[in-house]
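Chain by chain, the residues:
Protein chains: 2
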Amino acid sequence: MVINYTPIGIIKTPFKKKEGMPIQPTGAPGVKGEIEIYDEFKDGLKDLDGFSHIILIYHLHQSVGFQLNVKPFMDDQLRGVFSTRAPKRPNPIGLSVVKLTKIENNILHIENIDVLDGTPLIDIKPFIPDVDSPKADRLGWLDGKSNKMGDKLSDNRF
Amino acid sequence: MVINYTPIGIIKTPFKKKEGMPIQPTGAPGVKGEIEIYDEFKDGLKDLDGFSHIILIYHLHQSVGFQLNVKPFMDDQLRGVFSTRAPKRPNPIGLSVVKLTKIENNILHIENIDVLDGTPLIDIKPFIPDVDSPKADRLGWLDGKSNKMGDKLSDNRF
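Those sequence lines, one after another, are chains A and B. Position one of the first sequence corresponds to residue -7 (our numbering), numbered consecutively onward. Position one of the second sequence corresponds to residue -7 (our numbering), numbered consecutively onward.
Please keep in mind that the hints were generated in silico from the structure rather than gathered at the bench. Where hints are given, some of them may not hold.
The list treats identical chains as one, so a pair stands whether inside a single copy or across any two.
[Unchecked claim] Straight line, CA to CA, 30 Å or less: simulated DSBU-like cross-link-like pairs of lysine-lysine: (1) LYS127 with LYS34; (2) LYS140 with LYS94; (3) LYS144 with LYS127; (4) LYS10 with LYS140.
Sequences and hints are given; from them, build the entire structure.
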């Protein structure tokens, strides 16, 4: 079974190469980006400006191939790729919750963006804390480290 | 540009038809499901069992076509589809944060699952509150309603 998706827009950011980037939105406080939604999908943006935060689902277009075990940025051991947010995944899909500051026509102004310039956007969803933020009590290999993900920059490993 | 993904597994749940389902994980407290990860991706599950919650990204396989404006389950007005979690999206991708109770070989045991039986799984990510749960202060048309999404069942509109 093959699933086909078509980008609904493109994400524009200050990050032109994979090295030296924030690895999560928490590492990009105040970093501004823009999303251009393609004209044919523009009408789907109605009412979105009421939400302070949105979930972006995007295609990690510069990720080539995948590894089932990866050494993530936050660790020096090999971890199963599904227990990490590393980009070299069987399906290279990325997810970021970002701040939405303004919508002008088909342009979304966002903050705390941690993706490469030119990343194809697949979907946008409103971020709803009541359903998207359960109380997690175990964080596995990231326990005690996840609050430091904002301090880490990417290197050339992926 | 066309993006091709291949399912990494399949989600098994008690929900056999689209009507009468919970519309979000909060509407499925304790509802048990299983995910079968296909053998070739099994090694990517290493270390995932340390996390209490995981993000599932899946293909809404029974969603046919899309609408840019939809009447969501929680409202009686038309809303832009990107401001909703409705399934009839340009790219029918779903996202749920569920509880992970156990992994046995290639089978994930999960709770609070709100998807149709047989849904193809595209990706799994660990849920990390520090990066996935910003403080949202505006919820648009869902303001004052999002805590009631757990009480609502689906009907046949999508």
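Checklist line | Those earlier numbered hints the structure runs against, lowest number first | finding: Every hint satisfied by this model.
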